[in-house]
Every structure is written in structure tokens, then in C-alpha cells.
Amino acid sequence: MSILLLGEGIVKAQPRDATVHDPVMIKQDDTYYLFHTGQGISVKSSTDLNNWTEEDQVFESTPEWVFKILPDFGNHIWAPDIAYHDGKYYLYYSVSAFGRNNSAIGVATNTTLHPDDPDFEWVDHGPVVQSVPGRDMWNAIDPNLAFDDDGTPWMTFGSFWMGLKIVKLKDNLTEVVTDTAEEWHTVAARHRYWKLDERDAGDSANPELDYEELYPDDILEMNRNMENGATEAPFIFKKDGYYYLFISWDRCCRGVESTYKIMVGRSKDITGPYLDRSNKKLIHGGGTLVAKDNDEWAAVGHPAAYTFEGTDYLVFHGYDISEDGRPKLWISEITWDEEDWPQISLEGN
Amino acid sequence: MINNRDYVSTGSVKKTFLAYCFVGLILIATGGDAEAQNKKISVHDPVMIKQDQTYYLFETGRGISVWSSTDMQNWTEQEQIFDSAPEWTYEVNPEFRNHMWAPDITHHDGTYYLYYSVSSFGRNASAIGVATNTTLHPDDPDFEWVDHGPVVESVPGRDLWNAIDPNLTIDDEGTPWLTFGSYWLGMKLVKLQDNLTHVAVDTAAEWHTIAARHRYWKLDERDAGDTENGDIEAPFIFKKNGYYYLFSSWDRCCANEKSTYKVVVGRSKDITGPYLDRAGKDMRHGGGTLVIRGNEDWAGIGHNSAYTFDGTDYLVAHGYDLSDEGRSKLIMLEIEWDEGDWPQVSLD
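Just so you know, the protein sequences line up as chains A and B, in that order.
Okay, so the first sequence: first residue is 1 according to our numbering, each after it adds one.
Okay, so the second sequence: first residue is 1001 according to our numbering, each after it adds one.
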């Protein structure tokens, strides 16, 4: 933690004053930039991982292509992902509507993240992946870019429905590979009852459906209890010869009623199979718990993982019980146990 | 010309070879005139249409097999549609050998639309293509098939359905839909653009699952399923009595005497469903009313289409002939409608 030594002493790893949802982070020069769900994608900057300054949103107005898919889109963009590759910053983002998989993942690039740099300009490249209700049993949200050991780019994303996907990207990082080289895999999933309506994510949240008419009581109860494929927000982190796949289980976005938790599995191959600590496949509902609720936090989830100055961090949000369940930024140091499984602590803040 | 049907594989190579020679000799001896015609023709996944006084039958085969008849009894084999596979098919499947499955034939606004499936057994690296022609008469100077490429493509690991077994239907408002599939999680219906060669996209995109059977959730996503997991395919929609009737095939095709293929049906007032069987069970939840299955003569019967020719409704399908080592043969049966407007056919 020495890099965080400032005038006020060792910085707390968990600053409670930043309200964020689905945070991702990157460091350019001496500045940390944090991107998260918000109007036009919200941006914050910090030099100490503790005090955050609000920056201008990425998109003043929604890219035109979004309206072809979502005519009523209000520019509230979800769950971005930020990566630096070959001199460019790639910002993936989700356009969707709650409870539906009429969604797409777009990508914008910039050569710098410093707003005062004369070269600072976000260039949108349009959709990378789109999901269509009735066609796809997955949701094109929550992207994360990862490179395998051969330098091939992959995007993992999703989901609810039937789980989290990984798809091979072209070297331009803005399009999926097509034709004979096209490659898709499911990397994590949870049980979903086969008679659920295909337009239902698994949580009865699609406002277009009449659930009382669709389902008997026991199915409604399964949905209420998050027993139908409640997994989303994949993030792949390479460490110790493994690809670690962090995912979130259960219910986000309900303040103190949220039940979000962070799980992990790992694989020697980026396409899987990802196994948890007890060797259960993540595509069969496996997952080793990393963090969940406690007395102060109703739920935690949507992690990203980074190494800054030699220290590994898990970045996520938690629903703060002391503030009526507002989502707050968490930056938690990851320690690795003797079997190379990640550990974080929500204590001592 | 002689078709090479890969799925007729249980007989010895020698027998198959002799059978081809036998048919070949007849064709040579008679020059292909009416005397050579065949009543119990070997076909798979037949569809049919009438132009002028001629019935044309299209079916699974190399480059798509074609037969013609003037009486629906005596059939003459015609030239295959594709001498070689369209170039785009190699982008779907580099090993594709031009063996095309399960075509669908429709006449719309002066053009014949022939949909077809490009796939490989047990995998969903598949696509449905479409070719058009202004006439089906091979001796017409305008006779020429024009391929328009893929309409729908399925990708392993992305899609839990299979882009095979297409059937075009135009709903009561004139909107074209393609139903197709599948195994995996069931049969799809997708809205087409007015050109009938592309699916509707963006805000006009519309997809539905219209029939499915249970599939165990831990099955590998690259596994189509089996007789206990989502074995349903070959949808065909037939409008009648104010309903859209959805015919589908259950269980195992393409296994000669071991085939257990059968035809089930459900119906809906809306082309997008829900399709209910006679008991009111949703076909997406495994519902389906039995129309026909195997008996002492036929191991299994399936992959049907349905047509009205000169005021009579017909079910066209193939059956696995137990008297001929389970080879698949053309079956055409008149459809009768019971007092509840459900279709009835009989093999007797």
C-alpha cells in the first residue's frame, strides 16, 4: 500500500463518498480514471484512489446507431469496460433496457483519457455484439475485454438468461470474428427452468410480460429467489498462469434489497471450462464466493480486477445500508491464498 | 442423375451400389420417359408445388434433388439445382460437399423461392440459403436459379438453435415469416423483409420460439440433444380454418429401421403463437398432438409439409420403409379435418 501514502497517512481502500455503479478503472500517467454506469457514461478521476473528481460524461448525446435498436433510449449507459491497447483506449459499454435483452455492446476509442489533452476525443465505432429477444438466450451487456496468451482478443459479457459468453474479436477490437474463424462459448451459467418465457431474464423484470398469467406460483417464487440463471458481469483477470473469471450472482440494483455477491472460477484456457475451488464447472452453476453482504453492506458485486504498481485490486460496488442502499465504490486489495485463490476483506473500513 | 444420399448408410456399400446401378439401368434403358417413372420413390424431407399441370418435388440431396410428376404418382427425376455449392457456404462450413438438406418451395409475386439448409450432422454451424427462379419448367428459356445467399445463420456457442429446415409462411397481413429448426431449444419463427431473402432487422426485428421440448440445462451447448433432450425439428405452417397449424417432427430421423420420427401438430390464431395442441398444451412446453407415426410397414414417418392441390389437402412426408431396409420413401396422404378442425391422416 506504500504507493497510496499521502499526507493523511495510509489511504483507506474503501472511500465511502463515491457513489458509483459498475465501476471500472485504468491509470494513465499519474491519474486513475474510473468509468461507471450513468448518463452518457460517467467518469471520475483521482490521483490517490481516494478523492474522486467528477469529469464530463463520455457521450453528450447517444450515438445514432443506438436508436435503431432502442428508439426510446435515454442515454443511460450501463457497465462500461476500459482497456489500453497499442496506443489506444477502448471503452466498451452497454445499451439496454431493464429486464429485456434488446441490447447491444458498443465501443468508443480515444488516444488519451486526459480531458485537457488537445488530442482528447472519443470516437464511437458502433455495436460489437447485439442480442435480440426471441433469438438469443443471453444479453449483450456487461462487456469485458481480455487477451489470451497468444494475443488473441476476446470479449466476455452478459447476461442472466442462459449465462455469460465469450466471443473472439478481430484485431481491431471493434468487431467479432465471423465466418469459419468465428468462436463463441458459454463460460458461466446457472440453472434456468426450461419453461420460462424466452423474454424473461429469469427474474420477472421484463415489464412487457404478464407474469401472473405466464407462470404458476412456484415458478414466480423461483424467479423471486433468483433461481433462474441469475448471473452477470463477467471479468477475466490473468494471474499465476490462470484466467480468473469473476462474476456476480443474484440481484443487483435494489438498494438494501439487493443480494448481489461476487464469485470466481479459473481456467488454464480463456475459453474454459472455468472451475471453482471444488472443481465444479461455472457453466453448471459452480462458483467460489469472493464477497457478499455483511452488517454494513446489503450486497456487493460487479467486480473488475487490476494490478496497479504491483498490487492487485478488486473494484466493485456495494449497497450501503447506512445510506439507504446507495451503491458505493469499493477498491479492495486482493490477496492470494496458498492455492492461488483470491481473497478480499470487507472488514476494517 | 442418381442422388447420393449420405444418410442411407446401413446397407452395405455393395447393395447401395447395386441399387444405384439398377435405377441407372432403367433410366438408360428407357431414356427417362414415362415408362421409367417410379411410384415409391426414395426421398427425404420432400416439399412440393404445382406449376401449370406439373407437380415438382424438392428434397434433400446433392445440390437439392428435384422430381416432377403430372399425377403425383409417377415421378421423374430432374437435374439437381446446384451443380456446385454456392461460394458462401464454405464460409459456414469449409467441408461442405453440396449435400443440401430440407428445402422449402413457395411461389410469391411471380417468383419461386427455394429455401435450403447448409449444415453438417449433429452441429449447428448451419445456414439457410435461398434461391429464386421465375419458372420451374426446365425447358422454359427463362429457367435459371439465382442464389441470394444466407437468410439466417446459426453459430455454435452463440445460438441454442439450428438454422435448418426452413418453411416460409405469409401471415394474414401479408408479412412474410420463416420458421425453421432445430433440436437444441426449439423451433424459431423470424420475420422476413418483403424481399423474402433477408430477416427484418433493428426495431423491425422479431423472433419467437414456437415449439420446443425439454432439454437438460447442463447439456453441452454444442450438443443438439437426443430423444430425451429437445428432439424436435422440421416445422411447417399451414393455414386452414382460421388457424395457423404448426406441424413438427419429433424423435429420431435418418436411422433407417431404427428411426422413430413422428409428426405432431398444434395451432394458433396468431402466426407467432402460442401454438397449442388438442389438450391445450403449449408446443413450447413439449405440447403436440400426434398426426402420424410408424407402424408395421414404416419405422418412422416425419418431416412433413402440407398443401392444398385442386381443393384437396395433402400431407407430404417421408417414411422409413421396413420392407426396404428402412430406406426413406415418399408418403403423400390426404388430410381430413375432424369436427374440432384437427388434421387426420391414415396410412390404410
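It is worth saying that the hints were derived from the structure and are not from the lab.
Among the clues, some could well be false.
Distance ranges between label pairs, derived from CB positions [as the list claims (entries may be wrong)]:
1) B:GLU1173 - A:GLY241: 57 to 67 Å
2) B:ASP1223 - A:PHE147: 23 to 33 Å
3) A:PHE147 - B:TRP1088: 39 to 49 Å
4) B:SER1120 - A:HIS125: 52 to 62 Å
5) B:SER1120 - A:TRP65: 51 to 61 Å
6) B:GLY1122 - A:GLY126: 50 to 60 Å
7) B:PRO1138 - A:HIS76: 52 to 62 Å
8) A:GLU64 - B:ASP1171: 45 to 55 Å
From the three backbone atoms N, C-alpha and C, an ideal C-beta is built for every residue, glycine too.
- prompt: Do the Cβ positions of SER1120 (chain B) and HIS125 (chain A) conform to the proposed distance bound of 52 to 62 Å?
  reply: Given a distance of about 34 Å, which is not inside 52 to 62 Å, the answer is violated.
query: When you take the CB atoms of GLU1173 (chain B) and GLY241 (chain A), is the distance between them in 57 to 67 Å?
result: Cβ of GLU1173 (chain B) to Cβ of GLY241 (chain A): about 59 Å, so the range 57 to 67 Å holds.
query: Is the hinted range of 52 to 62 Å satisfied by the C-beta distance from PRO1138 (chain B) to HIS76 (chain A)?
result: holds, 59 Å
Consistency of beta-carbon spacing, GLY126 (chain A) to GLY1122 (chain B), with hint 50 to 60 Å: The hinted range 50 to 60 Å is violated for GLY1122 (chain B) and GLY126 (chain A), with Cβ atoms some 35 Å apart.
Supplied distance hint 23 to 33 Å, evaluated on CB atoms of ASP1223 (chain B) and PHE147 (chain A): Cβ of ASP1223 (chain B) to Cβ of PHE147 (chain A): about 29 Å, so the range 23 to 33 Å holds.
Pairwise beta carbon distance, SER1120 (chain B) to TRP65 (chain A), judged against the given window 51 to 61 Å: violated, 34 Å
Beta-carbon spacing of PHE147 (chain A) to TRP1088 (chain B) - inside the hinted bounds 39 to 49 Å or not: violated, 31 Å
- request: Starting from the range 45 to 55 Å, see whether the pair GLU64 (chain A) and ASP1171 (chain B) falls in it by beta-carbon distance.
  value: violated, 31 Å
Going through the hint list in order, the structure does not satisfy hints 3, 4, 5, 6 and 8.
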